[in-house]
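A.B. asks: For reference, the chains in residue letters:
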Amino acid sequence: MHSENQGAGADPLVTKRAARFAAPSLRNDHLYLRAVLPEDYPYLYLVETSGAMASRWGLRGATPAYQEWIQQRSAGVLAQFMILKAGDDSRIGLVTAFSADFQDAHAHLAALSFDPDGNSAMMMLGIGLFVDYVFKCWSFRKLYLDTAEYNYPQFASGADRFFKVEGRLREHHYLDGEWWDHLILAIFRDDWAEASKLVERAGSRRGE
Amino acid sequence: MANSAGDAAWECYIGVVSKISGVQADKIHRNSLMTRDLGLDSLATFELAVALIDKFEAEGMEDELDSVDLRGLTAGAIFDRYLAVGPGE
Chain A
0 MHSENQGAGA DPLVTKRAAR FAAPSLRNDH LYLRAVLPED YPYLYLVETS GAMASRWGLR
60 GATPAYQEWI QQRSAGVLAQ FMILKAGDDS RIGLVTAFSA DFQDAHAHLA ALSFDPDGNS
120 AMMMLGIGLF VDYVFKCWSF RKLYLDTAEY NYPQFASGAD RFFKVEGRLR EHHYLDGEWW
180 DHLILAIFRD DWAEASKLVE RAGSRRGE
Chain B
0 MANSAGDAAW ECYIGVVSKI SGVQADKIHR NSLMTRDLGL DSLATFELAV ALIDKFEAEG
60 MEDELDSVDL RGLTAGAIFD RYLAVGPGE
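These protein sequences, in sequence, are chains A and B. When we follow numbering that gives the first Met the number 0, the leftmost residue of the first sequence carries the number 0, and every step to the right adds one. When we follow numbering that gives the first Met the number 0, the leftmost residue of the second sequence carries the number 0, and every step to the right adds one.
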């Protein structure tokens, strides 16, 4: 809302709005997000090329040369953070927003858990914090997540509540002798409000 | 019927787990209760953790979380593992 106040003094309406403004947070009581630093690169390179998720995530089993991997990893990235546990700073995962389309107001998300067998609620909390951050920083209407069908059971319970399944490419991926569908999921800004409250509740320490 | 603080906490815990997992409360046993055994994925585990926080707060039983023993892990340890909300933190 604009007011007619063009003078040097602060517009009361703006002052009121500014008082309500809350900067997007990268931290809660349990974890925090921080930018990827060069000292993270060796760890991420090993996770992406040799870890439990190596054949199931971006590189799909390939092992590009280290320098080539460094050059490629920031292509098209809008924002990227390590998820770290508060207290001991242990690494939980990596979240990325990329391929932003500002004209049509959507972007893509990717998330990599460093403990894919852990069914970690902490990873989900980190992703939630990141989605909050992206929706608060940019005016995207939709955030897309692409996933291979073999990764989907890790978070399938969120369908139609946290995200919608918008597309399916049949037998798009090959892994371990089988063909798997590729799923295109979408998080809608309008639907995210409820999930955001859950993230906020989970982010506060019990009893405080 | 609960006859101790620990039993009350257990019933509280099982009630929430049953609701989130869809598994009947009387089918959940202390020696088989792990989120994966209950068919919970990462998102459902996250929701379970949040629901447990809410329920134990609502019941005023925050201090009882450690009394629920789950296959060698206390509920507090489960919180530590999944949401890092362990007592005393």
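Don't read these hints as lab results, they were simulated from the structure. We put the CB at the ideal spot given by N, CA and C, even for glycine. Don't take every hint at face value.
Partial chain B-side listing against chain A, Cβ under 8 Å, derived [to be verified]:
(1) 21
(2) 23
(3) 25
(4) 27
(5) 43
(6) 44
(7) 45
(8) 60
A.B. asks: Taking the hints in turn, state whether each one holds.
C.D. replies: These are the hints, each one checked on the structure:
1. 21: 10 Å, violated
2. 23: 18 Å, violated
3. 25: Since chain A brings no Cβ nearer than about 23 Å to residue 25/B, farther than 8 Å, the hint is violated.
4. 27: 17 Å, violated
5. 43: 4 Å, holds
6. 44: Holds. Min distance 5 Å.
7. 45: 4 Å, holds
8. 60: 11 Å, violated
When held up to the earlier numbered hints, the structure conflicts with 1, 2, 3, 4 and 8 and fits the remainder.
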